[in-house]
Structures are given as C-alpha cells and as structure tokens.
Amino acid sequence: MIPEIGLFALCLALFFAAVQGVVPLVGVGRNSASLMSLGRSAAQGQWLLIAIAFGCLTYAFVANDFSVAYVAEHSNSALPLAYRVAAVWGGHEGSLLLWALMLASWTLAVSLLSRALPEAMVARVMAVLGLVSFGFLLFIVTTSSPFERLLPAAADGRDLNPLLQDPGLVIHPPMLYMGYVGFSVAFAFAIAALLSGQLDAAWARWSRPWTTTAWVFLTLGVGLGSGWAYYTLGWGGWWFWDPVENASFMPWLVGTALVHSLAVTEKRGAFKNWTVLLAIGAFSLSLLGTFLVRSGVLTSVHAFASDPRRGIFILLFLAVVIGASLFLFAWRAPKVGLGGRFALISRETLLLVNNVLLVVAAGSVLLGTLYPLFIDALGLGKLSVGPPYFQTVFVPLMVPLLFLIGLGPSARWKEASVSDLKVRLGWAFGLALIAGVGLPFLFGNWSPMVALSLLLATWILAATVVDIRHRLKSAGRAPASFWGMHLAHVGIAVFVIGVTLVKGYESEKDVRMAPGDTVHVGGYSVRLIGVKEAMGPNYRAMVGEVELSEGGRVLRSLHPEKRNYFSSQMPMTEAAIDTGIFRDVYVSLGEPVGEADGSGAWSVRVHHKPFVDWIWAGCFLMALGGVLAVADRRYRLKGKSNNGNPS
Amino acid sequence: MTARNPLVMTNMKRLFVLFLLLLVATLGWAKEAAPMAEDVAVEKRMVAISDELRCLVCQNESLSGSHAELAQDLRREIREMIKAGKSDQQIMDFMVDRYGDFVRYRPPMKATTYLLWFGPFLLLAAAVVALILYLRRRSARLDLDPQPALTADEKKRAEALLQQVENKR
Amino acid sequence: MKRFLIPLAIFLLLVAILGYALLNLDPREVPSPLIGKPAPAFDLPQLAQPEQKFSPASMRGRVWLLNVWASWCVSCREEHPVLVQFSRTGTVPLYGLNYKDARADGLRWLAQFGDPYIASAFDNDGRVGIDYGVYGVPETYVIDKAGVIRYKQIGPVTPEALEKKILPLVKELEKS
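First to last, the protein sequences are chains E, U and Z.
Residue 1 is where the first sequence starts when you use the working numbering, and the numbers rise one by one after that.
Residue 648 is where the second sequence starts when you use the working numbering, and the numbers rise one by one after that.
Residue 817 is where the third sequence starts when you use the working numbering, and the numbers rise one by one after that.
Next comes chain E alone, as it looks inside the complex (with noise of 0.2 Å):
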C-alpha cells in the first residue's frame, strides 16, 4: 500500500511540476499577478508530494519491505537501521529520487525566500525549474521508479554493498547532490534573465548567494567523498581521477569561475554573458556528470548499473534542456550592454584569467574522460586515461592560479596600482621564496615540485594577511563578504599544503607481522598484538590489535579489520587511522600468511602520511569561506527601492 502511495504522490508532483513549468511563464506574458504567483504554489505542493514519496521509500526500507524490488536489491534485514536508511539512495532509482527531493527543495527555499525579488523574475525562475523538475519525475515515473513492486515478495534482501555500509554513505550524497542540483537555481536566474531580456547587475546580486550556497555543497560534496575514499578503500588514497569523480569536479571548476565572474557581474556589470554562459554551463556538466554514471558509456568503480534505455533518456533530456538555452543564449546575447570600463591591470582583467584558467582546467578535465569514447567511436582502438595523464596536465594549469589568489585581492577594480601592489606584496612575495627554498628540507629531501607548491601556499597566506591589515586598518571593518573570500582561499593555501606534503613525504611498509612484531615507518612503532574473530550485525570480521607507539612511548591501540560481509564474496579492509593535525598512520590488514607455519602471522600494510587530513580541512574552510560570504548582510537587506537599480 504505501509503495504505492508513494508512486501515486509522484505522478501527482509529475502534474505539479508541469503546472509550475508552464502557468508562470504565461502568466508573464498576459502580465497577471495570480497566475505568476502560482509558481510558488506549485513549488511548494510539489516539494510535499515528492517529500512524501520519498517518506514511502525510506519507510519501505525500514520496515524491510521485501516486495519492493528496489529495497530486495539493496537492503537486508541484518543491516543496521541507519545504513537501511542510507539504502534510500543506495542505488540508482533511489539516488534519483534523492536528486528530485533536492532540486524540490532547492525550488521550495527560492520560493519562500525570495519575496524582494520583482514578481516577474520569480515566475521566470520557478517556471524553469519546474520544466526540470517536470524532466527529472518524467524519467522516474517512466524508466526508475524505486516503487516497483517484486511478485512473489523476496524472502530477504541481497544487501547493500559493503563498500556502502559506512557513514559515508550516509552524507556525502545528500551532499554532493544538494550542489550539484543547486547550480540549477543559478541555471534558472540566468534562463530567467535571458528570457526577460533583463541582464543586469541587480540579476547578479540576487543570483549570488544561491550560487555561493550550491558552490559549498558541492565542494562539501567533493571533499567528503574523497575522504570517504580514503578511510574506506583500504589503500590510502584519495583521489582518482576516476569518470564519475571528475564528473563531479568539473562542475566544481565551472561553479568557482562561476562564483568570481558573478562578483564581477554584480560589482561592475561587467561580464553578462559570460557568467550567463558559466551558470549554463555548471548546470550542463551536473546534467553530464549525471549521464556518465548512469548510462554506462564509462567504467568507473562508482558507476550504477547501466541501461542504454536510461542513457537515452538522460541524453534526450541533456540535449533539449541545454540546446534549449544555449539558442536563447545566442539569440539574447548580442543585445546585452557592456558594463564599466577597466583598464589592463585591474581586478577585472585578473578574475577573467582565472576564469580562463578554470574554464581550461575543467575542459581538459572533460577531454581526458570524454577522450577514450571519442577514439573508439571513431574505431582507432582503446585508450584509457588515467592518473598520470590528469595530473601532468591539470597541475600546470593550477600554478598561475594559486598565484593571482595572492595578487587578485589586494588588485583594485577598475584600475590597478602596479607600484601599490608591489610594495605591499614584496615582502609576502619574499616570504614565500624563503618558505618555497627552505621549508622542504624540514621534512626530507628538496624537490623542486614541493618548493613549489610550498612558495604557492605561502604565498597566498601571506597576501592574505598582507590584504586583511589593509584593510583593517583603512577602514576599521569589513563585511563578512570580505571575510568569506579571504578564508575561501586560505582554505585552498591549506589544501595544496596537505596534497605536497603527503604525495612528497608519505611512506608505506608492507610487511609480515607475527604476534609480537614491531614495524617501523616515518618515526612510529607499530607491534602487531593479535588478531581475533569478531562478529558483526551483518558480517563476520578478523580484528587486529594493534599498538602504536612513538619513541617508546605507547600512543594508543588501533584494531584494524578484514571483513567477510554474509552477502558479499568480497572481504572488505577497514584500515585502523590514527588521525592527527601533522600526520596519520594508517594501518591495514593485509591477508593471513601465517597459517602454513602456525605463526598467526598477517601482511600488513602500514602508511605514515604527513598532513593528509589538511586536504579536507582545506576543503572544509573553503566551505567555510562560502558560508561566510552568503551570510554578508546586503544579501538580507529587504526590498527597498534597489528592486530596479540601474546598473
């Protein structure tokens, strides 16, 4: 019964959905009140109905309703109540479902929160994503509905994928979902705008802190999933380079130039239709990103399991959405005034290079995942590109990036002092070489990479000062705008320190260890105590007792595990990570060796990894930074008279 429900509220928000695309954007036309305002009607009752079926779900998964196809496949009675939850958008129609929610409540949030905006825009707007959301259900409804039902019932489910059955799954897909979904409200203000012929530098203020907001999901999202990666893989890595990682990546690149050209947009209307462009764009490389891992044209070890039928769909549905705008675009866009003028050197022209920078890094990013499927349609063989091919040539790219971080804001708009930003940033500049030359030798031996990206980092954090004392002491305050972007970037200063450090002064030891054996690695003690069978709700487990100690002195114990889950043939590893600000030790049991002589003993695998967990810290300030610069308050101001302000 409540399966059913739960289809029947989703053909219902299909009808909602349609009325919100449609009835706004004639209420537009013929200029009346009632039918504009409709749209937010529309939005809300669609977010409760899609609430509701997603409440159907997820109660079909608690209860281990075993006629549902859906939870059959991917849940079991032994699987803990959290991870039954987590379940929900353990596979493909689920996870879909999950992105429906989203985009409904993204579309609910615009809708309650955008009272100052003119009525008109806000028709635009919701219309928009109703025509997505109306896409989104379609595709449900017709080829994913999780509400399938299985005759006869299954007498138990085949359980989620070990892999899954972590917290992990618990966030990072809300996560990662609520940006990537985001960029669509940043799609709509930009359809909104070029449909109303109305671009201008108030659109850009209203569209930024939507923007802003996807873009902290989104890098929440990314950074997430790769720390989950990492504590769960069992290998120590992080990052892949893996299609569906760089499916998600690449909408990040095109959501950060997004985010600086919209600056520019709002602050100097300058820049129109490239950020139009940039807004289509982000919300086109989510559409892709979502084609990728659901259409199986790409192997990846995150991939759902794949169905051309689907594949079509999604691409159908890509292509009418995206051609769709980029014709308004090319219709609209050569009508759209210039902005203010900016000499060469002016912060300007520097957000433009880091626009091209970003821009150019996501495209080669999508070339180098698109490249092996252009090879073989064209019949010249497989490829596979992998790693070593993104990282010579996305790092590149990065070093002039990193670099105008430190110069951009302390650049003035409209007309940059070479000589002014000379004198304030030499010093941080010359920082930056000591610490570049100097700091590699602390923590080994000198490459030049490391010298690097430590004279890059530094710089940036230097500069940062350098920018805030300015400030502070010109002005005596700045807004939390100012504040965000700083922290954004010191964020990314800690970023790159935690990948140097870690690709240049990580080491690992593979070893055998009987009971009572000691490995040493990167100035740690590790002796093996034991290992002992453990039983698990759901999976029986081999524990290892491990003890770390450090210059003699015992730390703490850690209990590396080997897991054998009763639904999978699979054994899963759960690494034991010692985590710290400076390092982490990570330890994880290999296979039993031991048997043949009695000894006891395993292979395990021990890594010393300086500075790993600043990757994610990086990511998180960045987050952070974001936050900060959509709480500034002229985002609050209400109304006013600045609803038509000239740009």
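Some hints here could point you the wrong way.
Claimed, not checked - With the Cβ distance kept under 10 Å, some of the chain U side facing chain Z (calculated, not the full set):
#	residue
1	Ile696
2	Glu699
3	Gln706
4	Asp720
5	Glu724
6	Asp744
7	Arg745
8	Tyr746
9	Gly747
10	Asp748
11	Phe749
12	Val750
13	Arg753
Note that these hints are calculated values from the structure, not bench results.
Just so it is clear, CB atoms sit at the ideal spot from N, CA and C, and this is done for glycine as well.
Chain E is fixed; fit chains U and Z onto it per the hints.
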C-alpha cells in the same frame, strides 16, 4: 650452611638467573617485521610500474592496488621481469603487446593522442588569444559609445549617499 | 550573432558523440592486439594425459580454434553446450586451454558437462593465458594455417557469434 662466598651461586640462584635470561630472550624474540616483498627495491619498482597500468578485470583500478587474481599474476610477472634485468620500457611493451594501449593509464604519444596531449595547451592558448581580442574589442566599443556622465541630479544623489557612508564610520 | 552560436555547436557535437557511444560501444571490451600476429608459442602438458604435451606448432597447416576455459568460470557453462554441439560437427579442430585450474576440478567439470576438445592444454599458473592476453574467461581464438591469430571472441561463444563471425572466417581461411 656453607660460608657465603658471593661469587659462588647456589642452585636456586642459578635457576633464577636462567629464568631471567629466558624471559629476556623471549621478549627479544618479538622481532622487527620482515617486508612482505622478498626484495624491497624490486618491489618499489614494480609498484611504480604497476601504478601506471590498469587492472583489466576491475571497474577502474590500477594494477598496483587491485586484489584481483589476474592483477596478482601480472604483478608476479613484472617482478620476474625486473629481476631478469628488463627495463621499464621493455616491461611496458610486454603488457601493451598482450593487452593493447588500453592497459596503460598514461596514454602513449601517438597520432591518435596528439589532440589529447596538446589539447589543453591549445585550449589555453586559444583562450588567452580570445581574451586579448575580447579586451581590445570591448575597449573599442566603449570608446565608440561612452557611458553617459552623471546628470546634476544624479551627482547630488551620489554625493548624499557617499556622505551617509562617511557618517556611518 | 554567429559567434554566440559556437557554444551550441560544440554542445550538439558532444551530444552526437555521446549518443553514438551509448548505442554502439561497450567500454568493458578490450580488443586484442594479437590479431594478425603469430599465436604465442607454448608447450604445455595435456589436462587428461599429463605425460603428453600440446603445442600450437603441432597445428601448423590447419585452421583451428583455441578455447580458454576453467571449471570455476560461470560463463563457460553458458557457452559449453554450444561448443559440445559444434565439436560434434567436426568442422574445425577445437582445443582447450584450461586456465588457472586444478587438474582434478578440470577433469571433473569435463566429465560432468561434456568434453568438446580434442585435447586441453593445462595452464596451471596462467602464464600462457597472459601471453595470449586473456583477461576474462571464456575467450576463444581462431588461428589460421600459418599459426596467426585471426579473431578473438571475448566472452562466451554464442550460436550467433559462431554463425555470423567464426564459421564464415574459418571457411575463408580454409580456402587459402
């Protein structure tokens, strides 16, 4: 009792000392763990090479990290080739001869991959050129059609607003 | 107006390529670089009679099929009836390569499901499989009179593959 000569140990004391020695020996027996690999240098090279190779039976993993049986077999082959004195290039060729270019994560530089390797650089160059052209064109357009100066009324408004900001400080 | 159409043009091209890929390509299939090259030499003991050896060199002057199989391989069971029936027609000599198996398991499997092979070479440690670029069992090779690999069937031999690809090729090779 015999006279106590400190240099002569009684049987009890002998046993005690023997016990202490055994205890120390047992503790010392817990040794430094031996590397899983027979030869650490060979292993390091093998890992570096297999990091660049794809595990063919996995969804998308490198040969060095995969637990699949074929991956273990291929790693064994690589170790043997290293011990036999083969160069990195020869080992790569061995793999590519049997599995094709698909097995390499670093695409080889061939006619079919020129676009891949030079693409990003070309894209950057094109973008920079487009940027320069755009800035020039923009400047020219603004020269042709300069923004109107503020009217007297607008100037008064601007001054009033700026005064407000000053007062707030 | 024209230059603003560039993004649309690039996008439509991208969609066309993705559409084509979706409908026609299989990302998991790895084509063999050995096609057109001499079949790698080996000299392995036979599965049923370990004192006797089998080597591709002994098949020079004949067109023949080499099928890689194993008792632990689930898909092999799918293609096996097709092979058993095919071997009865006696069209082409069919030899097996028992890949990474235990001798007893392999023999038992053949006894249970039928033995279509004239003989099976016993590749216990998988080295010969590696030389042939085997990455997923079952795989089948068509080898010509000069000992050159002409075709590799990746995955089970279906009646369709047999009829449409393997048999026509064999017929053509027999003529030369």
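Checklist entry - Of the hints given before, which are not true for this structure? => result 1, 2 and 13
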